[in-house]
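Asks: Sequence:
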Amino acid sequence: MQSKVSSIQKPATPSLKGFEWRNYIVYFAFVGVLIYFSISLSDEGFLTSGNLLNIVRQTATISLMALAMTFVISTGEIDLSVGSIAALSSLVGALAIQAGYGIIGGLIGGVGTGLVVGLINGLLVTKVAIPSFLVTLGTMGAIKGAAMWVTDTAPVPIVDANFNFIFGSGDIGPIPVLLIWTLVFTVIAHILLRKTSFGRQVLATGGNENAARFSGVKTMKIKLIVFLATGLMAGLAGLLYAGRMNAGRFSFGEGDELSVIAAVILGGTSLFGGVGTIIGTIVGSLMIGTINNGLIIMGLDVSQQMIIKGIIIILAVAFGKKAMKR
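Numbers in my numbering are just positions in the sequence shown, counted from 1, shifted up by 6.
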């Protein structure tokens with residue numbers, strides 16, 4: 007008995023055998039992607055500061071939605087409606103500004119739209135007990151149709167220079183405003199997931215919902231909150247789209263749900279819940295943005311980019327299974 011106790015209390019010594027390299031695959035892959043494009047596109051200006059900042063700008067919307075999606079997937083759920091929410095929010099925000107309500111009106115309109123849809127998704131999942139895949143698949147189509155219908159597919163230009171500066175096209179010195187948005191919410195999301203009881207409850211809900219419920223975690227409330235968060239962040243992403251492009255459009259966010267989910271899973275969050283990482287999500291988002299940017303510079307057309315993106319998603323799910331076994 008004494009020997010058994012002492013063996014349990016003996017601290018584990020670090021070893022390479024215990025190193026889970028799959029947990030860091032996104033970092034290795036990101037470095038590999040950078041090296042590959044840096045070499046193959048050395049004459050195309052891939053490594054110029056202008057192009058690297060463009061990658062940051064282009065991935066900001068994906069990154070923000072992926073941050074919130076990390077919480078949703080960590081609870082064992084999924085949200086396919088984020089791209090459509092971004093599109094509708096960009097139009098509502100643009101219409102509010104066009105109507106004379108200014109930046110605050112645009113912000114309330116865009117983010118409020120996302121919150122309403124997030125609330126609907128969350129209530130249908132938690133109160134009506136419809137699987138989140140089906141709920142958000144349905145709302146994705148409905149919201150997309152609403153975005154096309156509200157302006158009859160016409161874009162809504164935004165001539166408010168201050169709005170465009172704050173929400174997309176501005177630079178503070180050499181730093182894009184979109185990078186600041188990304189960094190601020192990355193810090194907030196990381197603290198929430200790793201340093202607060204809410205984050206622990208999110209992971210507990212996804213790890214074993216029944217056990218979490220018996221431990222006093224209000225799992226349905228947690229799920230409702232994370233769906234509200236994805237709606238909010240998708241609404242903000244729509245405003246960033248509008249600010250960067252100086253208009254609201256129904257086509258914004260089209261296909262973003264796949265990129266967002268791929269970024270989250272590639273980053274190390276388990277598709278089956280219980281495991282989440284914010285830093286990994288951001289790296290996953292940047293890697294996808296870097297790949298898209300490199301493929302465009304290489305001259306690949308949209309169809310070829312879609313093929314490669316599909317392969318990335320398959321790989322993301324494959325590595326996500328490893329996280330489920332932890």
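Hints in this document: simulated from the structure, not taken from any laboratory.
Hints should not be assumed to be uniformly reliable.
[What the hints assert, rightly or not] Quick list of simulated restraints, FRET-style, between CB atoms:
no., residue 1, residue 2, range
1, L198, L125, 14 to 24 Å
2, P180, V39, 15 to 25 Å
3, I178, A324, 36 to 46 Å
[Claimed, not checked] Once the Cα atoms are required to be at most 30 Å apart in a straight line, the calculated DSBU-like pairs of lysine-lysine come out as:
no., residue 1, residue 2
4, K150, K315
5, K133, K227
6, K201, K227
7, K150, K227
8, K133, K150
9, K227, K315
10, K224, K315
11, K201, K224
The C-beta atom is built at its ideal place from N, Cα and C for all residues, glycine as well.
Asks: Each hint should be assessed against the structure and marked as holding or not.
Replies: Structure-based check of all given hints:
| no. | hint | in the structure |
| --- | --- | --- |
| 1 | L198 to L125: 14 to 24 Å | 19 Å, holds |
| 2 | P180 to V39: 15 to 25 Å | 24 Å, holds |
| 3 | I178 to A324: 36 to 46 Å | 40 Å, holds |
| 4 | K150 to K315 | 22 Å, holds |
| 5 | K133 to K227 | 10 Å, holds |
| 6 | K201 to K227 | 19 Å, holds |
| 7 | K150 to K227 | 27 Å, holds |
| 8 | K133 to K150 | 24 Å, holds |
| 9 | K227 to K315 | 34 Å, violated |
| 10 | K224 to K315 | 37 Å, violated |
| 11 | K201 to K224 | 19 Å, holds |
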